[in-house]
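There are 2 protein chains.
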Amino acid sequence: MEALKQRILKDGSFRADGILRVDSFLNHQIDVKLLNEIGKEFYSLFKDSNINKILTIEASGIGIACIAAQYFNVPVVFAKKAVSKNIDGVLYQAPVFSFTYDRECIITVSKNYLSEFDNILIIDDFLAKGNAIIGLIDLIKQSGAKLCGAGIVIEKGFQGGGDMLRDMGIRIESLAIIDNMDEHSICFR
Amino acid sequence: MEALKQRILKDGSFRADGILRVDSFLNHQIDVKLLNEIGKEFYSLFKDSNINKILTIEASGIGIACIAAQYFNVPVVFAKKAVSKNIDGVLYQAPVFSFTYDRECIITVSKNYLSEFDNILIIDDFLAKGNAIIGLIDLIKQSGAKLCGAGIVIEKGFQGGGDMLRDMGIRIESLAIIDNMDEHSICFR
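Read top to bottom, the protein sequences are chains A and B.
Last residue of the first sequence: 189 (my numbering), numbering continuous.
Last residue of the second sequence: 1189 (my numbering), numbering continuous.
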């Protein structure tokens, strides 16, 4: 998606520890107009997949998923990273290691909101080593739902998670895939 | 907002520990059509306030804020509840006690995204004792931005936070105010 790549080049920045900072438009301050273009693009890619629910994970995925859900006309479910008093009953759970927060967490979805009758599109902001997506797929498998694919805003291709998931037969559609980056340049696939 | 009140009566449930569960449409599974009606209502209430940015707090506020931001045509900034590798530089921070998670957290916004030139609308899903809103107001004060008011989806009027904030001169617009509730009934103001 050309507008996204141009925005990453204009406003993204690379940090020495391997983090790509896009907090001015994607995961701290959010450019909702750009999110609309992203949502339209996900719809264009997955409109024939009979998606009836979008699954994402808190926190940065939620805004992207909600804006995209308007085009699909389906509800969003977001996996929680901590057990909250707001959900109870029987839960699907899976461990996920977060490099952003440098700790493992247990992601959780209530059994009320994923079932064998669901055709799920996963949406998330980043795909690096694939840990969050693997955790979400684990929840989907526990529920018996069908996974139609994953829509990712930015894939760090050089970390290998996207290609590992594609090799498992999962449809991964990333709107920008970065093959390498350093302080001087960001190269897209 | 009548459609919201009817939805709370239809799908909300009261738990003995005082929690109102609305996880089927608001804070775990999200009914994006309802969020659009909520966003329109916030716009109708605050359209003359020259809002240039919406501030919310992760996680449940993000979807509501992003959908509402489409009507205001402004960006969203969400305060983070944990220090993440995705933000750095100089930060505004404030302590907030979360009753949902039964622990205090430090909420954080980068200084890049709040300034004296901003006219801020706070949006959040719930207002109970007002702790989260007080924390967000603290961040806004540190930045020198102007607070135009807060748009809340559900206020638990019986917990007093909304009236405390109104007594401080802050404009609080809650789309449904619950004055009391038990296992048999939910009464709106």
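Keep in mind that the hints were calculated from the coordinates and are not lab data.
Hints are supplied without guarantee of correctness; some may be wrong.
For lysine-lysine, the following BS3-like pairs were computed, each having C-alpha atoms within a straight-line distance of at most 30 Å [as the list claims (entries may be wrong)]:
no., chain 1, residue 1, chain 2, residue 2
1, A, Lys111, B, Lys1146
2, B, Lys1010, B, Lys1033
3, A, Lys33, B, Lys1033
4, B, Lys1111, A, Lys33
5, B, Lys1047, B, Lys1146
6, B, Lys1047, A, Lys33
7, B, Lys1010, B, Lys1111
8, A, Lys141, B, Lys1111
Covered by chain B, according to a simulated footprint, are these stretches of chain A (three or more residues, beta-carbon under 8 Å) [unchecked claim]:
no., region
9, 147-153
10, 166-178
Going by beta-carbon spacing under 7 Å, a handful of chain B positions derived as facing chain A [to be verified]:
no., residue
11, Asp1031
12, Val1032
13, Leu1034
14, Glu1058
15, Ala1069
16, Gln1070
17, Pro1075
18, Val1077
19, Val1090
20, Ala1094
21, Pro1095
22, Val1096
23, Tyr1113
24, Ser1115
Glycine is no exception: its CB is placed at the ideal position from the N, C-alpha and C atoms.
We went through each hint and held it up to the structure:
A distance of roughly 42 Å separates the Cα atoms of A:Lys111 and B:Lys1146; the hinted pair therefore is violated under the 30 Å criterion. Between the alpha carbons of B:Lys1010 and B:Lys1033 the distance comes to roughly 16 Å, so the proposed pair stays at or under 30 Å and holds. For the suggested pair A:Lys33 and B:Lys1033, the alpha carbons sit about 18 Å apart, so the restraint of at most 30 Å is met. A hinted pair counts as satisfied when its Cα atoms are at most 30 Å apart, and B:Lys1111 with A:Lys33 qualifies at roughly 22 Å.
A distance of roughly 16 Å separates the Cα atoms of B:Lys1047 and B:Lys1146; the hinted pair therefore holds under the 30 Å criterion. For a cut-off of 30 Å, the pair hint linking B:Lys1047 to A:Lys33 stands: about 18 Å separates their Cα positions. Annotation: proposed proximity of B:Lys1010 to B:Lys1111 is violated, straight-line Cα distance about 42 Å (limit 30 Å). A distance of roughly 41 Å separates the Cα atoms of A:Lys141 and B:Lys1111; the hinted pair therefore is violated under the 30 Å criterion.
With 0 residues bearing a CB less than 8 Å from a CB of chain B, the region 147-153 of chain A misses the requirement of three and the coverage assertion fails. With 0 residues carrying a beta carbon less than 8 Å from a beta carbon of chain B, the region 166-178 of chain A misses the three-residue requirement, and the given coverage is violated. Interface hint at B:Asp1031: satisfied, since its Cβ lies 6 Å from the closest Cβ of chain A, which is below the 7 Å cut-off. Hint status for B:Val1032: holds, given a least beta-carbon distance of 4 Å to chain A, under 7 Å.
A cut of 7 Å between beta carbons decides the hint on B:Leu1034: the least distance to chain A is about 9 Å, and the hint is violated. Contact between B:Glu1058 and chain A, as hinted, is supported at the beta carbon level, the nearest pair being about 4 Å apart and thus within 7 Å. Look at B:Ala1069: its Cβ gets to within about 4 Å of chain A, closer than 7 Å, so that hint holds up. Restraint check, B:Gln1070 versus chain A: the minimum CB separation of about 6 Å is within 7 Å; hint holds.
A hinted interface residue such as B:Pro1075 counts as satisfied when its beta carbon comes closer than 7 Å to some beta carbon of chain A; here the least separation is about 5 Å, so the hint holds. Evaluation of the B:Val1077 hint against chain A yields a held restraint, the C-beta minimum of about 5 Å falling below 7 Å. Interface restraint check: B:Val1090 against chain A, minimum CB-CB distance 13 Å, threshold 7 Å, status violated. The interface hint given for B:Ala1094 is violated, since its Cβ lies 16 Å from the closest Cβ of chain A, which is over the 7 Å cut-off.
Checking B:Pro1095 against chain A: minimum C-beta separation of about 18 Å lies over 7 Å; hint violated. The interface hint given for B:Val1096 is violated, since its Cβ lies 15 Å from the closest Cβ of chain A, which is over the 7 Å cut-off. Interface restraint check for B:Tyr1113: the shortest CB-CB distance to chain A comes to about 4 Å, inside 7 Å, so the restraint holds. Annotation: interface hint on B:Ser1115 violated; nearest CB of chain A at approximately 12 Å, more than 7 Å.
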